[in-house]
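Undergrad: Taken in order, these protein sequences are the chains called A and B. Residues are numbered in our numbering as their position in the first sequence, beginning at 1, plus a constant of 16. Residues are numbered in our numbering as their position in the second sequence, beginning at 1, plus a constant of 20.
No lab work stands behind these hints: they were computed from the structure. Careful: at least some of the hints might be erroneous.
Said to hold, decoys possible - Quick look at which bits of chain A chain B covers, simulated, 3 or more residues with Cβ under 8 Å:
id, stretch
1, 201-215
2, 352-363
3, 403-417
Where is the CB? At the ideal position from N, CA and C, for every residue including glycine.
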Amino acid sequence: MTSQGIILSGLDGDRTWRLADYVKRGGYEALRKIIAEQIPADQIIGEVKKSALRGRGGAGFPTGLKWSFMPRAFPGAKYLACNSDEGEPGTFKDRDILRYNPHTVIEGMIIAGYAMGCERGYNYIHGEIFEVYDRFEEALAEAREAGLLGKNILGSDFSFDLFAHHGYGAYICGEETALLESIEGKKGQPRFKPPFPASFGLYGKPTTINNTETFASIPYIIREGGEAFLALGKPNNGGTKLFSVSGHVNKPGNYEIPLGTPFSVLLEMAGGMRGGRKLKAVIPGGSSAPVLPGDVMMDCTMDYDSISKAGSMLGSGAVIVMDETTCMVKALERLSYFYFEESCGQCTPCREGTGWLYRVVHRIENGLGRPDDMDLLNSVTSNIMGRTICALGDAASMPVQSFVKHFGDEFAFHIEQKKCLVPPQVQYDGSKIYVA
Amino acid sequence: MLDIEIDGKQLQVPDGSTVMEAATKVGAYVPHFCYHKKLSIAANCRMCLVQVEKAPKPLPACATPVTNGMKVWTHSEQAVKAQKGVMEFLLINHPLDCPVCDQGGECQLQDLSVGYGGVQSRYEEEKRVVTNKNLGPLVSSDMTRCINCTRCVRFTTEIAGLMELGQAFRGEHAEIMPFVEKTVDTELSGNIIDLCPVGALTSKPFRFSARAWEMSRRKSISPHDSLGSNLVVQVKHDAVKRVLPLDNDAVNECWISDKDRFSYEGLNGPDRLTRPMVKQGGQWIETDWQVAMDYLVQGLKSIKSEHGADSIGALASPHSTLEELYLLQALVRGLGSDNIDFRLRQSDFSMDGLGRGAPWLGMAVADIASLDRLLIIGSFFRKDHPLIAQRVRQAVKKGLKVSAVNSAFDDWQLAIQNRVTVSPVEMVRALGRIAKALAIETGKALSESFAESLAGIEIDEGSKSLAVSIASGRRVAVWLGNQAVQHAEAAKLHALAQEISRLSGASLGVLGEAANSVGGYLAGALPNVSANGLNVAQMLAAPLRAYLLLGLEPELDLADPVSARKVFQGSEMVAVFSAFKFEGALEYADVMLPIAPFTETAGTFVNCEGRAQSFHPVVKSTGDSRPAWKVLRVLGEGLGLEKFGYEMIDEVRASVLGANMAVDPVNLDCGIAEVPVNIDRNTSNVLQRIADIPIHFADPLVRRSPPLQATSDAEVPRARVHANTIAMLGLGNGIEVRVKSARGEAKVRLSEDNDVAEGCVRLAGAHPLTAGLGSLHGEVSLERA
């Protein structure tokens, strides 16, 4: 955990997550300021717009714009949901935020509730991280105790309550409408959009859903101003961002750095390549982002626009680093299996297509590939992409397309020679835990 | 209105329309599986992807709202590519076992795969296999064929009202299944067979007996409940193979109940009467029509001459056709008697002569959708009227508030805002309280005939909130159910319901028990008070010499089976006109005439909204059986009666309905002349029987359908009693008990049911086990068996 930013800075592991520590770090100042100065909601949303904060969950949608979609005049309940259902392979940033700095998420959500006129929020926490869920519940209790949550917050007439809700480990519940279904107690399956959650969300009421890290950025923006946040990053890519670096690096972990930092710097921070091996490929934004060859990646800066220009996505900021000992077919086989297992089964192309993709990649990896299998993979993925209810179909297809595109020779070698281009012994050596 | 262009054709559609609706309007067929006009939109099959101008990717027509100026191409290159892509995915795990699949020939997947499927599959891996589920005796499952469109899931949840099916598991492992160890028990379950676009759900009774293209499709009308569902009867080699719904948005929409769908299985059972039979020297002898008719004519003539015409009486089933009912009453009246009735389960006839017309629903069935308040009195609503209940269920979702006064409730699968549960003996008082509360709420005065009798009644919270509810409606209806009509004080209930309707500005309606509950009135198949005719109760109380029984099984279809049996045993002649042999007839009848069931005769049913629906025979008569209208016509001629020279059924029909063959609305009226209502103040502390007529026991045909008799709706009757009453009696849930009435007893199992009014025993009628109790209501006692 290294931070040059705002969310994880000044923390000392498990010891500084409580309310008192957070207040010492300037926590809840933003909320107090809003309440004390009765800052109008429009101004808060304006500030968020100014900060150029973009959704940290993966899609990178401008947060201020999203907030402005909420029908403020709508009579009756409006909801806020925090998406902490972090299931994307390679991503582990929200877990650390909730574990080490839960109050920043709570404060961010209260401010969001204030700005959008919501009276109730839910934090949907990934099913496998129960200790984080328990801690969040404790943090909520602290906040309630301190009058920061519940009725008449800090003596004002603004009321907002927040509840934790944990999932049961389905990746699809990280899709925002599936998350809403799951909170409602139904099977986690995405809804067809339109209608969008801003008009028909949780229990059919207007709802805004943001990522944990997005909410965690809000207190800083309000405290220091949108421009200060923007200045941390680069234009249209405001602020700092957490990157979960994993794979063949010496120091995997979460790194909070300004957007626009060169990838090479991030790699340096993560201790460089394991054993000094050559960088082969990087998945820059979580498993569903297209893979990029190492040399392409070395020319990128870590921000939405640069990665997008290179042909991939910043996504959730999960940087999976692969060195030369990696068999790309095997890597894709594992990824494809994940999507095959996690498809919700609701709509046809994803339900049937993800299994097909996995089986084809599986047979290539196992020496049973056929000459036209690469074409088949491209054709099946193009039949899935853009044809499904949610983005999981695309998420399953993009890795396949990019692996085949950038590492086609490895696939071809597999199909022709019935074996890996990277010799098994090299793979085996590479998989050994390296002690620096 | 929004402008849209589909495949180059311009049209305007109302706001909120989807592309699919617009395409249907313009006649552009968009392939689809999960979309169904009556179900919510799932957009999960993705087959209906179409190209939309400015959209980066194809959009599902079923779920995409039309925007002004939208341009859509349903068969462009992009659209067809997407549709073909989806079809390939649908087929990779589908077994493609069309030759052995019962859906073959009428399968949406098979049909569309011709247009959108590839010649050869690119998928060479192993296919998915899904274990079959036991969905009960009506629906068969082959789940490997399922394409997960979830139509069946949405049907049970949205239309039938209870989620009995769901999609379990994820991704490729997703399967449609009922809850663990449960079956699909809704009385509308057969509709999921029609909805299933593949062969995953097929009809258990029908499957493997014919191919879709081998059968003719013939229109008919359901002879069962009072809705008169429109049917398509499918016929092969002059045998009914299956029954499907015929779309009629004004009546049954695209649904039918399981009773309508599977009753045909009872048509040709072993006890079907196929030849006329006469009893000679205690022996039944099969004979021909000539002999049987001569026998009957001579019998009737001699009884008439010896004892007078008024010693002859006729009872007809309300499931008989309008023509049959008309001819039967014409025959009886031609003989000089006025003893005719079709209201078999009714027991209070004090309203006779006061009514202004045939009791009917008081409104069109289709207008249920626009009701905002509804009061249902004395009805096992969901099971007695499955599809009317379905309409109410949909209306409730749009804001209709339902209140109900009943002696026992089933789960109606719809929200009931005000629920009043009272013992049958308290029913009149309960309505009195509501009428009084309503008068206070609306500030209108009670009618004179009620002012005095309701003076001493205290209103309670329940009646007050019910009154507030119905008084606040703009389109209000008050309906009397079968229980209310069969009630011992039916006339008082009717009068009070009329008062409640007047006070709340509601339309008053009677739901009606059978296919011709309205038609019987129009045909005049009931006694004239002025002519001193006897009603059914009087005919059974004062034994007559001769009885003509048309289409009923007295032991199960009459309000008081015990007296019926005795009376028939003692009479000189009983002539049974029936499609089936039954035990009682074999015992006391003298002649049995095989008449045609609805599939073998032409006729007309007038449904609860007064819609006269005529139908033709769909198959030839079985054996020697004849349509009853022809039998009655010949009998009338044989007896030398006038006006029996009909040659066509249309002439009979016109005698009732007039030249335009439709019910004159003037003849439909629930109103009765005002009668003073005394409300007894004493309440009984003796147990009262409540008798429902279970859906699959209600008429002779449905009773004989083996698959329906295997459903949970046809379980052996239990004595259902409130827990407090069980405790008070010192009995225990689940034990065997003897239910005793003044007439007899029945041994059944006791079952706790807190939706039954305290101090009551709910025990189904129309079942051999309970027939011995006599009356459907009245005092009973319970003891450990």
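Undergrad: Take the hints in turn and mark each one as holding or not.
TA: Going through the hints against the structure:
Counting residues of the stretch 201-215 of chain A whose beta carbon lies closer than 8 Å to any beta carbon of chain B gives 3, which reaches the threshold of three, so the coverage claim holds. Proximity of the stretch 352-363 of chain A to chain B, defined as three or more residues with a beta carbon under 8 Å from a beta carbon of that chain, is established by the 8 residues found. Under a criterion of three residues with beta carbons nearer than 8 Å to beta carbons of chain B, the stated coverage of the stretch 403-417 of chain A is upheld, 3 such residues being counted.
Checked against the numbered hints above, the structure violates none of them.
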